[in-house]
Amino acid sequence: MADEGQGEDDSNSSGCSYVTLTPGDATHFPGKGYTVSVHYVGKLETDHSVFDSSHARHAPLQCKIGLGQLIRGWEEVLPKMSVHQKIRLTVPPDYGYGMNGYPPIVPANATLIYELELLGFAAP
Numbered sequence: 001m002a003d004e005g006q007g008e009d010d011s012n013s014s015g016c017s018y019v020t021l022t023p024g025d026a027t028h029f030p031g032k033g034y035t036v037s038v039h040y041v042g043k044l045e046t047d048h049s050v051f052d053s054s055h056a057r058h059a060p061l062q063c064k065i066g067l068g069q070l071i072r073g074w075e076e077v078l079p080k081m082s083v084h085q086k087i088r089l090t091v092p093p094d095y096g097y098g099m100n101g102y103p104p105i106v107p108a109n110a111t112l113i114y115e116l117e118l119l120g121f122a123a124p
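With full-length UniProt numbering, letter number 87 in the sequence shown gets 87, and the count goes up by one each step, no holes.
If you're looking for bench data, these hints aren't it; they were derived computationally from the structure.
Computed from a predicted structure; not experimentally measured.
Virtual Cβ for every residue (Gly too), placed ideally from N, Cα, C.
One or more of the hints may lead you astray.
Quick list of simulated restraints, FRET-style, between CB atoms [what the hints assert, rightly or not]:
hint, residue 1, residue 2, range
1, P103, T27, 20 to 26 Å
2, D47, A123, 35 to 41 Å
3, G31, N109, 28 to 34 Å
4, P79, L44, 24 to 30 Å
5, P103, G68, 19 to 25 Å
6, G98, K32, 19 to 25 Å
7, E45, A122, 15 to 21 Å
8, T27, N109, 21 to 27 Å
9, V50, D25, 25 to 31 Å
10, A56, T35, 19 to 25 Å
11, A56, H84, 18 to 24 Å
Listed below are the simulated BS3-like cross-link pairs for lysine-lysine, each with C-alpha atoms no more than 27 Å apart in a straight line [unchecked claim]:
hint, residue 1, residue 2
12, K32, K64
13, K86, K64
14, K86, K32
15, K32, K80
16, K86, K43
17, K80, K64
18, K43, K64
With the hints as extra help, turn the sequences into a complete structure.
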């Protein structure tokens, strides 16, 4: 794993921030409507307990970006990631599951920490 703090970006005014753990190829980025393949671990900021993990299912998540299928924090950061980049993403409640949470897994108003790795993508 690369040094933490290698790159940091307080993206837009969302309050989402990320640190690059492993740089990507810096040339291939997914766009709106692209199907991405992502490995991830999701943790609660309060106690760092894992609430979801693609590794636990032994399969990356396959999803389309830019179509509202993902939490807002992921929708913002995935187009900025290049292939094979791994980041630690901090997602405030308004860009995660908000005031309702995702009971019983994610409590209301939870700040979330994700480790995301963009494995690849396919154009629409």
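Here is how each hint holds up against the structure:
no.: 1; hint: P103 x T27: 20 to 26 Å; verdict: 41 Å, violated
no.: 2; hint: D47 x A123: 35 to 41 Å; verdict: 39 Å, holds
no.: 3; hint: G31 x N109: 28 to 34 Å; verdict: 32 Å, holds
no.: 4; hint: P79 x L44: 24 to 30 Å; verdict: 25 Å, holds
no.: 5; hint: P103 x G68: 19 to 25 Å; verdict: 21 Å, holds
no.: 6; hint: G98 x K32: 19 to 25 Å; verdict: 23 Å, holds
no.: 7; hint: E45 x A122: 15 to 21 Å; verdict: 32 Å, violated
no.: 8; hint: T27 x N109: 21 to 27 Å; verdict: 38 Å, violated
no.: 9; hint: V50 x D25: 25 to 31 Å; verdict: 28 Å, holds
no.: 10; hint: A56 x T35: 19 to 25 Å; verdict: 22 Å, holds
no.: 11; hint: A56 x H84: 18 to 24 Å; verdict: 21 Å, holds
no.: 12; hint: K32 x K64; verdict: 8 Å, holds
no.: 13; hint: K86 x K64; verdict: 18 Å, holds
no.: 14; hint: K86 x K32; verdict: 20 Å, holds
no.: 15; hint: K32 x K80; verdict: 11 Å, holds
no.: 16; hint: K86 x K43; verdict: 16 Å, holds
no.: 17; hint: K80 x K64; verdict: 15 Å, holds
no.: 18; hint: K43 x K64; verdict: 22 Å, holds
In terms of the numbered hints stated before, the structure departs from hints 1, 7, 8, listed from lowest to highest.
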